[in-house]
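Chains as they are written, first to last, in the working numbering: chain A, 110 to 507; chain B, 110 to 507.
Quick caveat, the hints were computed from the structure, so don't treat them as lab data.
No false leads were slipped in.
Where chains are identical, the list cannot tell them apart; a pair therefore holds if satisfied intra-copy or between any two copies.
Listed below are the simulated DSSO-like cross-link pairs for lysine-lysine, each with C-alpha atoms no more than 30 Å apart in a straight line:
1) 500 - 472
2) 470 - 225
3) 470 - 500
4) 170 - 441
5) 225 - 500
6) 305 - 369
Given the structure is predicted, the values throughout are model-derived calculations rather than measurements.
Below are the chains, spelled out letter by letter.
There are 2 protein chains.
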Amino acid sequence: MSGVCFPKGFSAAGVKAGIKVSGNLDLALLCSKEPAKCFAAFTKNQVQAAPVLYDKEVLSKQNVISAIIVNSGNANACTGDQGYADAVSMAELAEKELKLGKHSVLVGSTGVIGNKLPIEKIQAAIPELVKNLGVENENSELFAKAICTTDTVIKTACISVQTSMGEVRFGGSCKGSGMIHPNMATMLAYITTDLKLSEDFSAEFKSLVNESFNAITVDGDMSTNDTCILLANGQSGVFLADLSAAEQANVRNALFELMKYLALEIVKDGEGATKRIEIEVCGARSKTEAMQIAKSIATSNLVKCAFFGEDPNWGRIVSSAGASGIAFDASKISLYFEDVQIVKNGMPLEIPKSQLLKIVKQKEYKISLNLHIGDSKASVFTCDLSYDYVKINAEYTT
Amino acid sequence: MSGVCFPKGFSAAGVKAGIKVSGNLDLALLCSKEPAKCFAAFTKNQVQAAPVLYDKEVLSKQNVISAIIVNSGNANACTGDQGYADAVSMAELAEKELKLGKHSVLVGSTGVIGNKLPIEKIQAAIPELVKNLGVENENSELFAKAICTTDTVIKTACISVQTSMGEVRFGGSCKGSGMIHPNMATMLAYITTDLKLSEDFSAEFKSLVNESFNAITVDGDMSTNDTCILLANGQSGVFLADLSAAEQANVRNALFELMKYLALEIVKDGEGATKRIEIEVCGARSKTEAMQIAKSIATSNLVKCAFFGEDPNWGRIVSSAGASGIAFDASKISLYFEDVQIVKNGMPLEIPKSQLLKIVKQKEYKISLNLHIGDSKASVFTCDLSYDYVKINAEYTT
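Extracted from the complex, chain A is given alone in its bound form (with noise of 0.2 Å):
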C-alpha cells in the first residue's frame, strides 16, 4: 500500500518516540528531494495549537517547504508561549538533523489537549526518524501510522495520471474518525504530488478542501489541530499550465479524488459509524446556501439516530434543513431517498414502506433536497449516531 510517499521525490519515516501513552509509532516525518510548492487549510477554531500557528506564521513568509514532521499522543494545544515555543524547536531540531535552512520545515501535533510537548522525547527521536527515511515509495504506511491516534485503520491513497508531457503522481495520507476525544482529535491530511505547480492554485485547493475534508462530519465538531498541507515538488517534470484544458481537468480530477477517497475515509471510521449516508441540497441559490442546509442536517443529531435505526424519517430532514438559517420555499422542495421520491413541494407522497426500508438499511445511499430556487448544489459526507458514540465519548475520562 503506497501513500505520501508515491510521487516522485518523496521520502518518509515513522518512529516511536514514547510520547504516546501505548507505546506506537508516534512521530512521523516526510521530505521532498527538492524544495516543494506549499499548499495548506487550516481549522477556523479560534483556539488554534501551536503547531498551526506556527505552520501559518512559517507560509505567511514563503511557501516553499522541504519536510513535515508530525507527532500524535500530544496536540501541543492551550500549551500557551511555551507550546509555541514548543513548536519552534520540533521544526528547527528537524531542519538542523536533515540540514536544511530555516523555515523549510512545518510541524504538526495531534492528541492530548493542555498537556506540555515533551519535546526532549521529540529531540531524542528525530536523528533516529531521519536515518530510518526510506528510499522514494516507501515507508508511506510508517508515516500514516505515526500520525493516527484513534483511529482503527490508518488512511493512505495513491493515484497516478498520464499526461502528454508524462506520468503525474497524487499520494497522500489522514487521521481522524470524528471529534472522538477532543483530547485526542484532530484531521490531518498530507497531500504529495510530482505535479509542478504555480502559486496561483492556492485558491483551486482551497475549493478542493471545501468538497472534501470540509465536506465530511461525524459529529459536527471543529478540533484546534486540523490541517490539510499539499506539497507539490515538481519532479514529474509535468507543469499544470502546460498541459491542455482537458488534461488539466484530468488531473485536477484525480488530486480530488484522491482527497474526497481520504475524506470519506475519514467518515467511515467515524466514532461507532455503522453507515455513511450522502447529504445532496441541489436547487439552492449558491453553493454556500447549499452546504449549510447539507450540513444542518448533517449535523442533526435527530437525524443521524434515524438514519442509525434505519428509519426513512423524512420529517426530520425537511425540519433540519428548515433550521439551517437559510431561506427557502417549503412548499417547493423534494425529497429523494437514492432515487425514491418521497416529498414533492414541500408534502409527503405516498410510497410503500418496503420501497423506503430497502433504502435505508443500505451502509451507504443518498438522500437529496431540492429546493427549487437555484442551480447551486452541495454535498456533505455523514455517519449515523449510535449507542457506540455515547459510550465512546461518556466513557473516555480526562
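Following the hints, position chain B against chain A.
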C-alpha cells in the same frame, strides 16, 4: 396544581377528540373572559406549520385575542393549502361555538408531521370542549395534559405578585421534551396574566422568550410548530405602566421566573436526559455573541456525552467554544465548573480530579466561560446526551 387558569378571567378545558392513537386528551381550549392583549413568538424554522402561519396572519391584523384552541397528535405541518384551510376551520369552528368574532381565536397544533389534520374529529369535539370550560382557576391541568405529546410529565406554573395597586397573577403551561421525534416534535408555551399591558411590551416579551424558551436546548433542533404566546387580559385592574419602577421590576421578574421555570421543565424532561447543566458565557462583546458561544457548547455532542459520562472534560468545552464562529482570544479565557476555576489564560490549572468529580456527578451544575473581552453574558440550559436519547430516536419509526 394551577397553571393557565390561575390569573383572573381565564378558563380552560381539555377533551379527547380521538386524534391521538393512544386515546389520551388531545384537544385543549384556553379562554379569556375579556379580549386579551396577545404577545407571541414563533419558530424561525423555514418550514412552518399551518397553525403558525395562520396565527401570524391573524396577529398581523390585530393583537387582541379571546381564546386559543390547541390539538396534539397531529402537527398540521407539511400539509400544504389543505392544512392551512384546516387551521382556519379549526379557529372558525371555535369562534362559532364560543360566539366570538372572526380572528378572535388562535390555533396551535403539535404531533405527526405530514398527515392531514382530522378536522372532522376536531369539529365533533368542539361543543363538548366548550361545554367543559371550567370556572376560573380550574382545568389548568386538563389543558396542560391535552397539549402534551411525548412529554413524560405535564408542565405548569403559576406565580402571584403583590403590588401597591393590588395582586397580579401569572400562569402558564408548556409542552416539549426536546425534538425527540420531529414527527412528534414542538415546544408550545402558553402564558396568561391578569396584568394590564400596553403594546410596547412586545419587545420586552421577545427578550424574555430569548432568555427562557430560546435559551434551552435538548438536541439543538428547532421544530416547525414552536410557539410561545402570552395573553394579558388586564382583569387584575393593575396596569404595568402605573406601577413604580421598583414594582415594575418585581412584576417583570415574576413573569421571567415563571417562563424560565417552564423552560427548564422542558430541559429536565429532555429525551433520556439525566442531568441539567447551565452554560454561562460572560466577558463577551455582546449578549448575542455570548449566546452563540453558549449554544455552540450546549449543543456539542462531545460536551453532552462528557456530561453523561460525568467527565470534567474542559478541552471539549473550550474547543466547542472556539468552533462557534465568534472571535475571541483563546489565551485570555478562563473556565469554571461551579466556583472551581479549571482554565486560566487559556491553559489548564492543576485541579485535583476528585474536586471536579464531586461537581460533575451532581444532577445539576453550572459551567462558566469568561472570554475577558467585554461585559456581556448569556446562559443556555442544556442536558446530557445519553444512550436513551439514541435508543428513543433510533427505535422510533415513522
